[in-house]
Amino acid sequence: MPKPPKTQVMTANRLGDGRVVYLGNEDWTTDLADARLLPDADSQALAEEVAKAAVADRAIVEPYLIDVDEEAERIEPVRLRERIRASGGPTTGSSVAA
Amino acid sequence: MYRYDEFDHAFVRDRVTQFRDQVKRRIAGDLTEEQFKPLRLMNGVYLQLHAYMLRVAIPYGTLSARQMRKLAHIARTYDKDYGHFTTRQNIQFNWPRLEDLPAILDELADVEMHAIQTSGNCIRNVTTDHFAGAAADEAGDPRPWAEIIRQWSSLHPEFSYLPRKFKVAVTGAARDRAAIRFHDIGLELRHAPKDFGEGAKGETGLGFRIFVGGGQGRTPMVAKEIRDFVPERDLLAYLEAIMRVYNRFGRRDNKYKARIKILVHERGIDEIREAVEAEFEALRGGVLDIPLEAREQISAYFAAPDFEVLPAKSETLEAAWTSNPVFGQWMARNTHPHKTPGYVSVTISLKPTGGVPGDARSAQMDAVADLADRYSFSEIRVSHEQNLILPHVRKDDLPALHKALVDAGLEAANAGLVTDIIACPGLDYCALANARSIPIAQRISERLADHDRQAEIGDLSLKISGCINACGHHHVGHIGILGVDRKGEEFYQITLGGAPGGDAAIGEIVGRGFSTDQVVDAVETIVDTYLGVRQDADETFLTAYRRVGKAPFQEALYGA
Amino acid sequence: MVPERLLAGVPGPGNEVVCSAAAWPDPGVLDRLFTGAPARDLIAYALNELAPGRAAVVSSFGADSAVLLHHVAAIAPDTPVIFLETGKHFDETLAYRDQLVKQLGLTDVRSVAPDAGRIAAVDPNGDLNKRDADLCCALRKEKPLKQALAGFDVWLSGRRRGQAASRASMPLVERVDGRLKVNPLADWDSGDISAYRTIHELPAHPLVARGYPSIGCAPCTSPVANGEDARAGRWRGSDKTECGIHIARNGETVRVITRNAMPGEDPPTNGRTNGPTNGMTMTERSEIWTKEGFQADPWQRLDDEEALPEDGAIVVSAERWSGLRGRNTLDDWDVGVAVGEGDPIEDLIPDLDRIAMVSLSFPAFTDGRAYSSARLLRERHGYEGEIRAEGDVLLDQIPYMLRCGFSSFAIRDEATRRALADGHIPEVPIYMQPTGSSNEAPFGNRPWMRSRS
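Protein chains in written order, with the numbering used here: chain A, 1 to 98; chain B, 1001 to 1560; chain C, 2001 to 2453.
If a hint is listed, it holds; no wrong ones were tucked in.
No farther apart than 27 Å at their CA atoms in a straight line, the calculated lysine-lysine pairs in the DSS-like style are these:
| hint | chain 1 | residue 1 | chain 2 | residue 2 |
| --- | --- | --- | --- | --- |
| 1 | C | Lys2146 | C | Lys2088 |
| 2 | B | Lys1403 | B | Lys1339 |
| 3 | A | Lys6 | B | Lys1487 |
| 4 | A | Lys52 | B | Lys1024 |
| 5 | B | Lys1080 | B | Lys1024 |
| 6 | C | Lys2088 | C | Lys2102 |
| 7 | B | Lys1487 | B | Lys1255 |
| 8 | B | Lys1194 | B | Lys1224 |
| 9 | B | Lys1024 | C | Lys2291 |
| 10 | C | Lys2102 | B | Lys1201 |
| 11 | A | Lys52 | B | Lys1037 |
Just a sample of chain B residues kept apart from chain A, beta carbon distances all over 12 Å, derived:
| hint | residue |
| --- | --- |
| 12 | Thr1017 |
| 13 | His1191 |
| 14 | Lys1194 |
| 15 | Thr1340 |
| 16 | Asp1373 |
| 17 | Ala1449 |
Keep in mind that the hints were calculated from the coordinates and are not lab data.
Each residue gets a CB set at the ideal place from its N, CA and C atoms; glycine is no exception.
Turn these sequences into a full structure, and let the hints guide you.
As structure tokens, then:
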């Protein structure tokens, strides 16, 4: 039996400055809180189409889907890598102290 | 130092123009990301987790004060006020915008710098001994050769789309500080092994012992000797022969098996040698011949500065040493013998307690530039240990220099000690990483901060990589730490006994990995175990480890 | 000169031992004494002390000969040098002999020919080498050498242990047929020879660059491939490895086992399995770009099963070419050969003057193997026909392709076609490395700099 799909969010980097973006309800957003939740295969396939078009428009690069925790109060990525990306920068170091 | 003439200036400007055009075509949609990516990588531009990253070459680790000030300016103007010095004598800026990159490259060209071939499947920035030209144990100066190789490899029409990246390191010293046996090609400048008599037209009898097929990454290998002596004037022909054999026969079906170390491993060094020698026979004496005049022309740029005639002993230094123990500690660790009496080379550690290894703020870069102007003939070096070097400092000036370093927050007296940690950017920045490196380095550095304890431990290198690509050189750390992802959690695998130099060795895995919470304790346990097993204070960690093996460490870490 | 400590106990003119064949020292002693000493010490000792006036050099003026001759010329340029003029040498060898003799100032080179009467009797048609190579060597080399060496007590040879398995245990000094045979370069490897030649600026035998690391008579010498023993090209196809003059009377020849040549092994593939041109339709191929601009493609690509047209310019696969090449004439065709992606170009070399176009494939623009193939064709093998780039050919790589010798480009990428049509070729026009191509000229102030010519 196939596993029920996990809720996902579409992410990418912006072409111009490389910043992390998420597919929102209207447009791409830098704030994960505004991301469009993609609970099933259909919505995920649609998001992939939208992302492909955005790549062709040179708005974004390297789009992919990430798993998020549905139980959390705010949208929370499952993997540490994505939590670090969503936080906007490194967890420590020169840019944090700045 | 090398200085650009009109041709070098034109070359780098034209490369910036070419890259600006490539960026324009990418934004206009004439280049897809797939087509653009190799082009931007070959100009040092990565897309990391949070932003683009620009890796700027510091050719064979040499910087002028003026160049350092430009790096500070770029950090302030286009980035978040800091830069990261890497293990391959580069500096990385972590936050540039794609559209700003051509402007940044133009600014770099103003001071004879560039980002050419700091990434991509091409011949990368050539590295060398950070004490080159100053070290007391040198057979010859490797910098002119690194410069000649830099020029020859720049935008090479045949070797810009190799199976995989290709790294060359050169040393001219008896003690290998450039880890040449862990490079795709390692070059050791040396005297001829046989007595060939006096050569024609002033030929020096210097040449290169050549190693091929070393590297770290997921399949670490120590390079093998392919030729014990290639005369200086044949060097480019020999390198081109190696490159051609690799370009033609290196594997392209699997990127993890595409490095030349795999070709050497699978075919055997003898078969590779025969193929290279046949190619070399056809190339030698041709257009790649390097006549003596050309070597002298490049070497002239690296002539020693006007050193004063000084006594070997400095009264000022002796006085400061006895009266100021903090200065004494710094002096004992961070200065190195110089070939000229009365001078030393100085390591400026970028490893303050709890700091990010290799990071420097723009104000610190400016401060180092000022100190280089004042105390080191305006010259700075960058080491693969991610520190800065002032290569030519008068012993008399050391107390004043130390005071200035304290003011700039750059006085860490830990060169070669356990807190002189090498660490890659790890999962805080890097799109390839599996685990964070920087926070581990910070916590170990805080735990072992006590200087007396570090001094008692002595020479001990600790190297951390956030993934198997091994940018943090963990394979060759006396203690190596490799970050892995275990079911979504960061874990750290420890290796012991690695070494990068003439005593090259790949570290052995000590046992199962440690969680983020355990790893600092584990390092401390290893250090304490060493202190317990060593025969005396002169037996270094590496020597003791090679004598007793990993068993005592395993016992201490995991129980009997 | 030989250090005192080496001479102690060694018979020679210096310590009153008569230097006759019967009283000569054990060659093993000399061998031990000179092991590790510079080659010139042993040579000087042999020429000046061991047998002054009665030592000769035997040289083939082959691939490695210059090093021994250079040593000898520096010590005693009037030393007799015996060259066996078998009548079967390459012209290049004879020219190289004359060049070296002049450059080094050798004053007593004796070219020794076989006895004309015996040649007329035994090998009147000059084809003995095909019928009995051993007899041919005996007639043209062994007998003349024996005569030429009469009157000499010592002969010097440039043979090296690394040259062949049959020489692996050769000593520095040995006794052969009552003479001392001195091999001063026995422990030199090919790297030492090469380094010495560079440092002393000695010219290379012209055939070395064409794949002959060991050179004897023309009919019995062929090039060797990468991975083969250096002498594998001598008497290829037979188990003969030495000519007879270097075999002790009771000696045995050692069969040399060669490994497979590197280019013949499974060539690496690149993920994609399409042939070089399979993915292309005729319309995409109908125009090609050259430095003169876009033009109609005169070449017609034939599949391996497709019937040959009566005339015209046809491109065939390397496999099909191997069937066509046997024909005496190629009728009215111009023939181009499409080399499979990553396949070595070496198989085409003998036929290059009959091939009007070589097409090299870029299965992906990141696959750089064809750059090497093109440079080898142009620079190593002097190919002057068209070299075409096919496959994933993109704008930013075209300047590199031009530098490597490509002259025509089949382009699928629309943006690339547009840019080329606009005359937009993004190149850094100063080159920091020479390719040896005729498209570039020396430039600037360093020997390796070039610019477009």
